[in-house]
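**Q** Following the hints, position chain C against chain S.
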Amino acid sequence: MPSPPPGVSERDFQAALRDLEGVVGREWLFSSDEDVLLYRDGYSPLWGEAEERKASAAVAPNSVEQVQGIVKVANQYGLPLYPISTGRNLTYGGAAPAYSGSVVVDLKRMNRILSVSARDKTCLVEPGVSYFDMYRHLRTNKIPLWIDTADPGWGGLVGNALDRGGGYTDIEFRDHFDAHCGMEIVLPTGEVLRTGMGASPQAKTWQLFKYGLGPWVDGIFSQSNFGIVTKMGFWLMEEPEAALQVSVTVPKRRDVVPLVDTLHSLMCAHTVPSQVNVVSPLMAGNNPEMLRLRGSGGASDEQWDRYAAGAGGAPFWAASFVYYGARSVIQAQWQHTKDRLAGIAGVRFQETASHTFPLTDEQVEAVADKARYGIPSLNLFGSRTAPGAPPLEGHMDFSPMLAPHGEELIALTDYTGKVYADQGFTPSFVGGLMFHPRTMICFHAVPTFRAPADNARTRKLFETLVRGCTERGWPIYRIHPVFQKLGMEMYGFNNGALHRLHETLKDAIDPNGVVSPGRYDIWPKRLRGQRA
Amino acid sequence: MKITKLLGLVAAAACVSAALAQEPPFPIAAWSRTTAAVEDRGTSVERGAAVFNNWCSACHSRGPQNAPGTASLQVKYQGSVPAALEDRRDLTPDVVKVFVRNGVAMMAPFRKVEVSDADLDALAAYLTRARP
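Line by line, the protein sequences are chains S and C.
So the mapping is simple: the numbering used here equals the position in the first sequence, first residue as 1, plus 255.
So the mapping is simple: the numbering used here equals the position in the second sequence, first residue as 1, plus 826.
Honestly, the hints are just simulated from the structure, not real lab data.
Any given hint could be a false lead.
[Unchecked claim] Beyond 12 angstroms from chain S on every Cβ pair, some chain C residues (computed):
id, residue
1, Thr-869
2, Pro-908
3, Ala-910
4, Asp-913
5, Leu-917
6, Lys-938
7, Ala-956
[Claimed, not checked] Pulled a few chain C residues facing chain S out of the computed Cβ check, cut under 10 angstroms:
id, residue
8, Gln-891
9, Thr-918
10, Val-921
11, Phe-925
12, Ala-931
13, Ala-934
14, Arg-937
15, Arg-957
16, Pro-958
[Said to hold, decoys possible] Estimated spans, in silico, between C-beta atoms of each pair:
id, chain 1, residue 1, chain 2, residue 2, range
17, S, His-660, C, Arg-915, 52 to 58 angstroms
18, S, Gly-751, C, Leu-917, 41 to 47 angstroms
19, S, Ala-373, C, Ala-956, 42 to 48 angstroms
20, S, Gly-747, C, Arg-915, 30 to 36 angstroms
21, C, Ala-956, S, Arg-705, 34 to 40 angstroms
22, S, Asp-616, C, Ala-956, 28 to 34 angstroms
23, C, Asp-913, S, Thr-395, 26 to 32 angstroms
24, S, Glu-544, C, Ala-956, 52 to 58 angstroms
25, S, Arg-722, C, Arg-914, 43 to 49 angstroms
26, C, Ala-956, S, Tyr-746, 55 to 61 angstroms
27, C, Leu-917, S, Arg-693, 19 to 25 angstroms
Backbone N, C-alpha and C define an ideal beta-carbon position, used for all residues, glycine too.
One chain only, chain S, in its complex shape (with noise of 0.2 angstroms):
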């Protein structure tokens, strides 16, 4: 049986279980340590060892009402809860809680569909429906909208937004927070909000204006611990005629300038209409003499284009993106790209592939970068590529924001190819994604092991990344709960002013400190000792 939260006596522990299998019943608790274990994180960096994030106990109710109960035992007991919506946030922390002891609230249960509008391109949802229910449910009824997939299909809507994380498709749809239009929350009282339209009970427009009246309070329920959100509308993209995918490659390490401002000034003017993926296909792989360059820290354009020279006609640079509509606008959209880019000595377009929608089955099944186009799957999650090379175990997101200038992306390779091969790892992938609108993410995989001395070296690379990427001005934009506290640090303008108001907001609206203490560093006062 795990051991009670912190400061709970076992006495106490064991009434409030009690309690909670009440309001859920017995099916739905789970406290012995055979259920408990599977809320572990699996590619957490702190596995096996002592300070590893674990759960007390977890349950999972089937409604608002019972999400209320939950919230009201916690309240009687300050009993720790920590809220997952599907709890594959896996790079995030996965299912475990961000304070060990903690009382995983599951509510995958909670995965009803409740409105789709296909005049109005909108949705509602509960927290456990997953990017493969939506899009089940919208294929099945022949609905002509598309989804926002984040990279693993199992994820879910409401979990992915309210940790601000992103896909493929048009601006408007892949900044999953961005695109959602109204919230229900359970506070840490029991009370129940809305919010935008959502709290004028009349009102027709829940899911169509964002703001209601008065102040927009949605965002502090992102990367935070000041309510348990039980629905969520979204914005849905309009299923478009055709789309085109192309690749623009170009030859030289310095072409990146002209590359990124280019497509930046093209995503812009909404000629360009998705993520836009810029990677090097000449930095990947495992290359002695590559690796030697990314190493260094500080080759020159000189010697990194007499490698490429030599490297059997590899593009340094390749941008990839979709265009999505009209087949002919299509057209003209993707010829003033390739006027706008003409200019750089070298570059090369391609056309990688074209899609008329609806989709048949067996072309679903044929898409490649099938999140391109709103469809769920978890492609990524092969874990050897190589015979007896040992197989993936997990990794960790490190995602730095540049502003989306090729010379940031230069000067980032530069930094963290350094960092890697001082601490012997192999340097990460290399690419700047435009998911947002006025930056690149540069996502870094760092791996994590089942072996605590691995980890110990990932998580002094990781700990290294964040600081030096702060310190140039690259400071990340998400982090797995492990080191939210150091990723609160690294925004401590005016000794830490926006985490003072994060803690002053987290005392009015949670007083016995309840929901998810510490997540992304946000501590109740009577826990505040427990920040490590």
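**A** Leaving out everything else, chain C in the frame of chain S:
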């Protein structure tokens, strides 16, 4: 982790219908791969096939496309056993349960709100069913 013993395996195997002699027994469209709840209907093996479709096929279908788990097992076993779990003849119910509840490599464990104990029994019955 304690492993729940599979009950009724023999009975489940006896439920294998003539239709199961055809492979694949339950044709699955890619888009139908979901994490929706599995309805409690049909035989244990039929229910297990639905569990496999909902929770496993997005990684472990026969592929070759859209089956990263199958591709990984091909790399691991190099053909000494079939890479697709549905084609394996050497799995036991306990092995299926250990992997589902413990995970392996990048595959995280599945919680009981996702794959219930009853669903897991059915899944084990499906992957270990008697075949001609």
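**Q** Which of the numbered hints above does this structure break?
**A** Those not satisfied are hints 6, 9, 10, 11, 15, 16, 18, 20, 27.
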